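Peer 1: Please take these sequences and the hints and turn them into a complete structure.
Read top to bottom, the protein sequences are chains A and B.
Mapping of the first sequence onto this note's numbering: residues 17 to 126, in sequence order.
Mapping of the second sequence onto this note's numbering: residues 691 to 811, in sequence order.
Note that these hints are calculated values from the structure, not bench results.
This structure is a prediction, so every number in the text was calculated from the model and none was measured.
Take the hints with a grain of salt, since some may be wrong.
As the list claims (entries may be wrong) - List time: in silico DSSO-like cross-link candidates among lysine-lysine, alpha-carbon distance up to 27 Å:
{"#": "1", "chain 1": "A", "residue 1": "K113", "chain 2": "A", "residue 2": "K97"}
{"#": "2", "chain 1": "A", "residue 1": "K113", "chain 2": "B", "residue 2": "K754"}
{"#": "3", "chain 1": "A", "residue 1": "K113", "chain 2": "A", "residue 2": "K92"}
{"#": "4", "chain 1": "B", "residue 1": "K745", "chain 2": "B", "residue 2": "K731"}
{"#": "5", "chain 1": "A", "residue 1": "K121", "chain 2": "A", "residue 2": "K92"}
{"#": "6", "chain 1": "A", "residue 1": "K113", "chain 2": "B", "residue 2": "K710"}
{"#": "7", "chain 1": "A", "residue 1": "K125", "chain 2": "A", "residue 2": "K97"}
{"#": "8", "chain 1": "A", "residue 1": "K113", "chain 2": "B", "residue 2": "K756"}
{"#": "9", "chain 1": "B", "residue 1": "K756", "chain 2": "B", "residue 2": "K704"}
{"#": "10", "chain 1": "A", "residue 1": "K125", "chain 2": "B", "residue 2": "K710"}
{"#": "11", "chain 1": "A", "residue 1": "K97", "chain 2": "B", "residue 2": "K704"}
{"#": "12", "chain 1": "B", "residue 1": "K704", "chain 2": "A", "residue 2": "K92"}
{"#": "13", "chain 1": "A", "residue 1": "K84", "chain 2": "A", "residue 2": "K73"}
{"#": "14", "chain 1": "A", "residue 1": "K113", "chain 2": "B", "residue 2": "K731"}
{"#": "15", "chain 1": "A", "residue 1": "K113", "chain 2": "A", "residue 2": "K84"}
{"#": "16", "chain 1": "A", "residue 1": "K73", "chain 2": "A", "residue 2": "K97"}
{"#": "17", "chain 1": "B", "residue 1": "K754", "chain 2": "B", "residue 2": "K710"}
{"#": "18", "chain 1": "A", "residue 1": "K121", "chain 2": "A", "residue 2": "K84"}
{"#": "19", "chain 1": "A", "residue 1": "K113", "chain 2": "B", "residue 2": "K704"}
{"#": "20", "chain 1": "B", "residue 1": "K731", "chain 2": "B", "residue 2": "K756"}
{"#": "21", "chain 1": "B", "residue 1": "K756", "chain 2": "B", "residue 2": "K710"}
{"#": "22", "chain 1": "B", "residue 1": "K704", "chain 2": "B", "residue 2": "K754"}
{"#": "23", "chain 1": "A", "residue 1": "K121", "chain 2": "B", "residue 2": "K731"}
{"#": "24", "chain 1": "B", "residue 1": "K731", "chain 2": "B", "residue 2": "K710"}
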Amino acid sequence: GQNIDQPTEMTATEGAIVQINCTYQTSGFNGLFWYQQHAGEAPTFLSYNVLDGLEEKGRFSSFLSRSKGYSYLLLKELQMKDSASYLCAVLLYNFNKFYFGSGTKLNVKP
Amino acid sequence: GAVVSQHPSRVICKSGTSVKIECRSLDFQATTMFWYRQFPKQSLMLMATSNEGSKATYEQGVEKDKFLINHASLTLSTLTVTSAHPEDSSFYICSARGRQAQPQTNTGELFFGEGSRLTVL
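Peer 2: Okay, here's the thing in C-alpha cells:
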C-alpha cells in the first residue's frame, strides 16, 4: 500500500506564513502534487514537484526531497480565503496511479 | 485550462436502485480517468483507474460488481453505483489526464470534475 501522511489540522494568522508537511512511502514515485479543496468543492491544482528542490508560484511554494520522502507546501501572506483543506498527492507507476494524503485543514484567523 | 464536467452534481435515490454518474473531458482527450470517493471530513480515496478502451483497475476493497466503470471513449467515463445502499452515500469525484502533447510543459496534472453528491435513502 501507499502511506501518505499530513497533519490533520493547522491554525495560522492572517498575513503570516504557514508550512504544511507531507511525508510519503510509495513505490514507483513519479511526482508530488498539492491541491486546495474548499468544503463541498472539487480540489484545485496548486503545485507540482518531480525533482528535488523548491518550486515557487506566487504566494505558494512547494518543496520536495525524494530521498527523504518529504514535501511541504509554504503559504505566504495568508489570507482568510486560504482557509481550506490542502491535499498532497503522489503520482505513481508511469502516471497510472494517483493517491491522495489525508489532507490538512488550515484555519486562517484574523 | 482543461475542463472536466461531471453530472449530476447531486442525486438522491432510494435504496436498491442504481445511479449513473458521468464524467466528460470537454477540451482534451482523457487517456486515463480516476474515480474517487470522499466521505465527510476525509480525503479522496481512489476507487479505480480506467484507461480508454480497457477494463478499469480497482483498488483493494472496492467491489467492481457494485461500482461499474466504463471508459468507452476518450472524452467520457461513467461510474454506475448498482443496488445503492445508505452506506454508499458520499461525494464521488472523477479526474482525468490527457495525452502528453508537450512533455516539457505537461506536469501530468489531473483535472477534476465538480463532484457528485450521492444520498441514498
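Peer 1: For which of the previously enumerated hints does the structure constitute a violation, in increasing order of number?
Peer 2: Hint check: 1, 3, 4, 10, 11, 12, 19 fail, others pass.
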